[in-house]
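Asks: Since chain A is already given, all that's left is putting chain B on it; use the hints.
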Amino acid sequence: MNQLLALFRLDLRLFFQDRRSLVLLFLVPIGIASFMGTLTSNLGKPSDRGGIGLIVVDQDRSDLSAGLVSALGKDANFQVLETNETVARQWVLSGRRPVALVVPEGFGANALFGLFNTNRKPVITVLFDPSRSMERQMVEGLLVPKVFQALAENALTVESLRSLVREGVARIEATPPDPSWDQTTVRKLMDQTDTWLAEQTNSRPFQREGSTSAAEGEIGLPLPYTTRVEALVKGEAAYNAYAHSFAGMGVQFVLMAMIDLAVGLLRDRESGVFRRLRSLPLSRTTLLAGKAVAWAAIALISLVGCFAFAMLVFGVRVQGSWVGFVGVLLATSFLASTLGLALAAVGRTPAGTRGFAIGFILLMVMVGGAWFPSFVFPKWLQTVSLAVPTRWAMDGLNAMTWRGLGWEAALPSMGVLLAFSALFAAITWKWFKWEA
Amino acid sequence: MVTPLLKAHHLVKRFGSRTAVEGVSFTLQRGESVGLLGPNGAGKSTTIGLLAGLLVPDEGEVQLEGSPIAGETDPRKRKLGLVPQELALYEELTARRNLEFFGSLQGLIGAKLHRAINEALQLVGLADRAGDLVKQFSGGMKRRLNLSVALLHDPELLLLDEPTVGVDPQSRNAIFDNIEQLRQRGKTILYTTHYMEEVERLCDRVIIVDHGRIVADDTLVGLKRRLAGTGRLTLDLSAAPEESTLQAFRNRSGITGVEVRETRVTMTVEDLTVGLAAVLEEVNRSGLRVRALESGQASLEDVFLDLTGRSLRDG
Numbered sequence: 001m002n003q004l005l006a007l008f009r010l011d012l013r014l015f016f017q018d019r020r021s022l023v024l025l026f027l028v029p030i031g032i033a034s035f036m037g038t039l040t041s042n043l044g045k046p047s048d049r050g051g052i053g054l055i056v057v058d059q060d061r062s063d064l065s066a067g068l069v070s071a072l073g074k075d076a077n078f079q080v081l082e083t084n085e086t087v088a089r090q091w092v093l094s095g096r097r098p099v100a101l102v103v104p105e106g107f108g109a110n111a112l113f114g115l116f117n118t119n120r121k122p123v124i125t126v127l128f129d130p131s132r133s134m135e136r137q138m139v140e141g142l143l144v145p146k147v148f149q150a151l152a153e154n155a156l157t158v159e160s161l162r163s164l165v166r167e168g169v170a171r172i173e174a175t176p177p178d179p180s181w182d183q184t185t186v187r188k189l190m191d192q193t194d195t196w197l198a199e200q201t202n203s204r205p206f207q208r209e210g211s212t213s214a215a216e217g218e219i220g221l222p223l224p225y226t227t228r229v230e231a232l233v234k235g236e237a238a239y240n241a242y243a244h245s246f247a248g249m250g251v252q253f254v255l256m257a258m259i260d261l262a263v264g265l266l267r268d269r270e271s272g273v274f275r276r277l278r279s280l281p282l283s284r285t286t287l288l289a290g291k292a293v294a295w296a297a298i299a300l301i302s303l304v305g306c307f308a309f310a311m312l313v314f315g316v317r318v319q320g321s322w323v324g325f326v327g328v329l330l331a332t333s334f335l336a337s338t339l340g341l342a343l344a345a346v347g348r349t350p351a352g353t354r355g356f357a358i359g360f361i362l363l364m365v366m367v368g369g370a371w372f373p374s375f376v377f378p379k380w381l382q383t384v385s386l387a388v389p390t391r392w393a394m395d396g397l398n399a400m401t402w403r404g405l406g407w408e409a410a411l412p413s414m415g416v417l418l419a420f421s422a423l424f425a426a427i428t429w430k431w432f433k434w435e436a
Numbered sequence: 001m002v003t004p005l006l007k008a009h010h011l012v013k014r015f016g017s018r019t020a021v022e023g024v025s026f027t028l029q030r031g032e033s034v035g036l037l038g039p040n041g042a043g044k045s046t047t048i049g050l051l052a053g054l055l056v057p058d059e060g061e062v063q064l065e066g067s068p069i070a071g072e073t074d075p076r077k078r079k080l081g082l083v084p085q086e087l088a089l090y091e092e093l094t095a096r097r098n099l100e101f102f103g104s105l106q107g108l109i110g111a112k113l114h115r116a117i118n119e120a121l122q123l124v125g126l127a128d129r130a131g132d133l134v135k136q137f138s139g140g141m142k143r144r145l146n147l148s149v150a151l152l153h154d155p156e157l158l159l160l161d162e163p164t165v166g167v168d169p170q171s172r173n174a175i176f177d178n179i180e181q182l183r184q185r186g187k188t189i190l191y192t193t194h195y196m197e198e199v200e201r202l203c204d205r206v207i208i209v210d211h212g213r214i215v216a217d218d219t220l221v222g223l224k225r226r227l228a229g230t231g232r233l234t235l236d237l238s239a240a241p242e243e244s245t246l247q248a249f250r251n252r253s254g255i256t257g258v259e260v261r262e263t264r265v266t267m268t269v270e271d272l273t274v275g276l277a278a279v280l281e282e283v284n285r286s287g288l289r290v291r292a293l294e295s296g297q298a299s300l301e302d303v304f305l306d307l308t309g310r311s312l313r314d315g
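Taken in order, these protein sequences are the chains called A and B. Under my numbering, think of the first position of the first sequence as 1, with each following residue one higher. Under my numbering, think of the first position of the second sequence as 1, with each following residue one higher.
Next comes chain A alone, as it looks inside the complex (with noise of 0.2 angstroms):
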């Protein structure tokens, strides 16, 4: 018994020692837990992410479609641009807004007749990015009351529903007798219809009193328009999910795998190494140099050799320029390698640093959405992702594969990747010591 005490005590007393490793056993799986119960709790609500960033292109400029774009306007589940169409498929196209919705010419004119006739129904264009569907099904879905409820307030007027009536009598008159129906019956209903409608001082007879728009499973009405989906990639692209996932699991094993470099630095270091490497006619910087080329190196094998295998198994293609892909890849793996070197350097034991740099990566991948799209993130934690360097190297990937965009969209992603390794490497060169 005694021995068994003896044990025990010496483990809690050795892991009680260690006070960096002893938060990081509570700060990560707390800061992990939070984060990932903070997106799940968010992914059904929309306006918690600051609204579904929605392109609206109102081709008809009519009360009609002025009223939808108001309505979508005020709905918390949208945070709606109004612009014209290219700007909108530039924008959808470069994954800067993932829905954009074109109301057509003709809108306003033919919407409350689509109700009742096929023919006329308008045609609104989905413009979509294929990495975001979920948001195109969620607009789709509350466009539908939006366009009732803009209607209500619209479109059923007097005079409308008069013109509407009149129409049906023109084409009960254009059609031929037919001895399956009371041709007579129904047309006097109509005009007396039309008398009824023509003695309404209201102009907007079925829309009662306080209500501000046409309620949800009220209407039994079949859709006054139709959609047309399109998903925008440039040129022959298709959307691979596989390119993104590749993207994510590459990149955040990359820059775990970069721990275990910098705790094995930090290993030569206590072992000796270090006092051998510093009796040579070495410098400081050439040894920092040459580390951070054969880190970058492995990263960049190891991201090829992910890539490679996305290729052949699943198909992911690189879509978008070649050179920029080469690029991204590039300045990713130069990230890693510093951001390993720089951990090396603020680490002091190699305990301590690897506590330290799992919650550090972990939380890097995770914010940077290599686990999770970042558009499902609350919308404060979508503006902080653009301070992590992990966003855009998913950004310049995905870019680059499956949007099929051309080296220049590669430009951003690998510029801010550089100015991070820069930043790493000053981290570096300040803080990294010869001696424990």
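Hints were generated in silico from the structure; no laboratory data involved. There may be inaccurate statements among the hints.
[Claimed, not checked] Result set (BS3-like, lysine-lysine): computed pairs, CA atoms no more than 30 angstroms apart in a straight line:
(1) B:135 / A:433
(2) B:79 / A:433
(3) A:433 / B:7
Replies: For chain B alone, coordinates are given in the frame of chain A:
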């Protein structure tokens, strides 16, 4: 006057409030084999660190062939070969790969590197294990490989920082043989240790350090001459002596050093006959009994005891 190969001039190194090396000065002439002797914590490794350029002195300077080493990339550092106290090797690589790496950093390439590796492995008796991973080596083999790394670039001066720590007697003898061969080849050697027998076997000159200061710098003969005529008495008593008894020994004239380990007391005395009488008188007064008694001439250990008042192994 011949310019020394290496000159340490008034070296001072502090770590926070602790002064590890305090005013250390000495020179090394070409071909000399010098022992840096002192207990653990005396400042030997710090001194080696200062000489090899691993540490920057707070005061003083190190001169190589008459001029200070100019920064970390001074090519004259190739004249030095450091064998650190730690096993500074990559355990996951083979012996040959380790040597290739460190040899390349010393500027060796191609056939020259290949030849240097073979010679170094030959010298330390590891030629037949060149392709084995270092992690499969015994402690003694790793020590020998650790030594061979420092020999690759054929340095003029070898700085050996306790190169036999933790090895079995057989491996220790093998390392001694290697170092003796290097002496015969005319290498200059600075050898730190707290084992006097190593210094007595390998060195012509001994620098004794304690608490960061040099307390003696002389040849082996010169050091022993300091205690010429002195003797050493070792008594095994019936019980551990009380402090009052030890103090009584120290107060007797002619007893210059007292060291106690449980029931065993070792004293240096100026004259064996007089000293023995005085010691026995004090033992008798204390009520203890002598179970065994040894006497002899002073050794290097006694020299250290005489100079510092404590044993080399006190640490």
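Asks: Does each hint hold? Answer for all of them.
Replies: Right, here's what the structure says about each hint:
1. Restraint check: the Cα-Cα separation between residue 135 (chain B) and residue 433 (chain A) comes to about 27 angstroms, which is no more than 30 angstroms; the hinted pair holds.
2. As the CA atoms of residue 79 (chain B) and residue 433 (chain A) are separated by approximately 25 angstroms, the hinted pair is consistent with the 30 angstroms bound.
3. Distance restraint check for residue 433 (chain A) and residue 7 (chain B): the Cα-Cα separation of roughly 27 angstroms lies within the 30 angstroms cut-off, and the hinted pair is therefore satisfied.
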